[in-house]
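Number of protein chains: 2
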Amino acid sequence: MLTHILLGFLSYGPKTGYELKSLMDHSTQHFWHAQHSQIYTTLHRLREQGFVWSEEPDAADPLNRRIYHLTDAGRDEFHRWLAQPQTNLEPIKHELLVRVFFSGARDRDEVLDELRLQRRLHQQQFDYYQNQGPEMWREKLPFSSEIFKELPFWLSTLEFGVAYEAMTLAWLDRQIARLEAQT
Amino acid sequence: MLTHILLGFLSYGPKTGYELKSLMDHSTQHFWHAQHSQIYTTLHRLREQGFVWSEEPDAADPLNRRIYHLTDAGRDEFHRWLAQPQTNLEPIKHELLVRVFFSGARDRDEVLDELRLQRRLHQQQFDYYQNQGPEMWREKLPFSSEIFKELPFWLSTLEFGVAYEAMTLAWLDRQIARLEAQT
DNA sequence: GAATTCATGTAAAGCGTTACATGATTCG
DNA sequence: CGAATCATGTAACGCTTTACATGAATTC
Chain Z
3 MLTHILLGFL SYGPKTGYEL KSLMDHSTQH FWHAQHSQIY TTLHRLREQG FVWSEEPDAA
63 DPLNRRIYHL TDAGRDEFHR WLAQPQTNLE PIKHELLVRV FFSGARDRDE VLDELRLQRR
123 LHQQQFDYYQ NQGPEMWREK LPFSSEIFKE LPFWLSTLEF GVAYEAMTLA WLDRQIARLE
183 AQT
Chain Y
3 MLTHILLGFL SYGPKTGYEL KSLMDHSTQH FWHAQHSQIY TTLHRLREQG FVWSEEPDAA
63 DPLNRRIYHL TDAGRDEFHR WLAQPQTNLE PIKHELLVRV FFSGARDRDE VLDELRLQRR
123 LHQQQFDYYQ NQGPEMWREK LPFSSEIFKE LPFWLSTLEF GVAYEAMTLA WLDRQIARLE
183 AQT
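These protein sequence lines are chains Z and Y, in that order. Counting from 1 along the first sequence, just add 2 to a position and that's the residue number in the working numbering. Counting from 1 along the second sequence, just add 2 to a position and that's the residue number in the working numbering.
Check the hints yourself; a few may be wrong.
SDA-like cross-link-like pairs, simulated, lysine to any residue; straight-line CA separation at most 25 Å [to be verified]:
{"hint": "1", "chain 1": "Y", "residue 1": "95", "chain 2": "Y", "residue 2": "51"}
{"hint": "2", "chain 1": "Z", "residue 1": "95", "chain 2": "Y", "residue 2": "180"}
{"hint": "3", "chain 1": "Y", "residue 1": "151", "chain 2": "Z", "residue 2": "175"}
{"hint": "4", "chain 1": "Y", "residue 1": "23", "chain 2": "Z", "residue 2": "91"}
{"hint": "5", "chain 1": "Z", "residue 1": "151", "chain 2": "Z", "residue 2": "79"}
Read the hints as simulated data drawn from the structure, not as lab findings. Note that the coordinates shown come from a computational prediction; the quantities given were computed from them, not determined experimentally.
Please construct the entire structure, taking both the sequences and the accompanying hints into account.
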């Protein structure tokens, strides 16, 4: 998956590994994140596969930056991936639900504390999506001419984030209320 | 994670690998699933770690079933895990959102087809949660005396599933409407 | 007799996280 | 001058998926 995210960002223009990491942190973070270690190793693999190429770092650049470019094969691969629709329901992995599932054996107050903490965290995330999030995008993602067509889709993903957090908050409130009602 | 799910189910009583797989397929499936291969190898690992033990398959049993039991160490580990609350927001990995994010370069109709297909699939899932789901539980998870305390928590996870699908359907409808409005 | 379900495993590969490692630049 | 940011990598490990492999019992 990270493969195609990197190819996607590189389809907007050449970028360094560090820039790709920063872009992900400020855009795809809420539905796909990666450590820098994985980004660098994946870029190496993509280079071996012929999907990207990079100039040797400029000797005059003390930061030793390595700029990656998409090859034709890389662009083809990216479009091949996009053209192949997702035909299955996406399986969900949700650790908190696992914990809730097995919480019958726990102290009621212990479970309540955990749910209340999660509520706080999700409230923060909700606020972030509605306030700082969009503004951060305007500041940190400044290659505006390249992406005017994608902006509505980027906003769609943000809208999902808002809806997801609102849904989660409402669910947490119901579970907390149910537990509090028990004596 | 699978580790603690298996320990959790075994805390209700001894079970075979096959039974654990079947239990997961009918209960945790909507927030954590696993292939049988992973379940069997994880059980081997748990045995080496001393968290479970198993009788040698009964020579009289032609199906060669291997029944796993929780050890004291296994029970301790399960409770240690439960007592350690989740203090972070759970990172989300959502492939469909990655595809939407990069859909600016695609044909509008191609994107619409994909979203409509996802809408159908999520509608099915929503119906499943509301109808067959709970009934399936009553049939397939029959160790009722062991789990009367956990049932409310199991229903909580199902309630999350319903809320998640409703949220997703509403989001998909908005994205489909937005794209359809474009000419 | 064929198909489905019951039952258990191994091997290889891919994906992702965590930790280790280093060094320059910029800002306060 | 210290902290934060910029910048790139490797190694080990763990988790998960996919594919390969086998065979008995049950149901239609």
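Results for each hint:
With a C-alpha separation of about 30 Å, the suggested pair residue 95 of chain Y and residue 51 of chain Y falls outside the 25 Å cut-off, and the hint is violated. A C-alpha spacing of about 29 Å is found between residue 95 of chain Z and residue 180 of chain Y, which places the hinted pair above 25 Å, so the restraint is violated. A distance of roughly 20 Å separates the Cα atoms of residue 151 of chain Y and residue 175 of chain Z; the hinted pair therefore holds under the 25 Å criterion. Distance check on the hinted pair: residue 23 of chain Y and residue 91 of chain Z sit about 20 Å apart at the alpha-carbon level, within 25 Å; holds.
For the proposed pair residue 151 of chain Z and residue 79 of chain Z, the alpha carbon gap of about 21 Å is at most 25 Å, so the pair holds.
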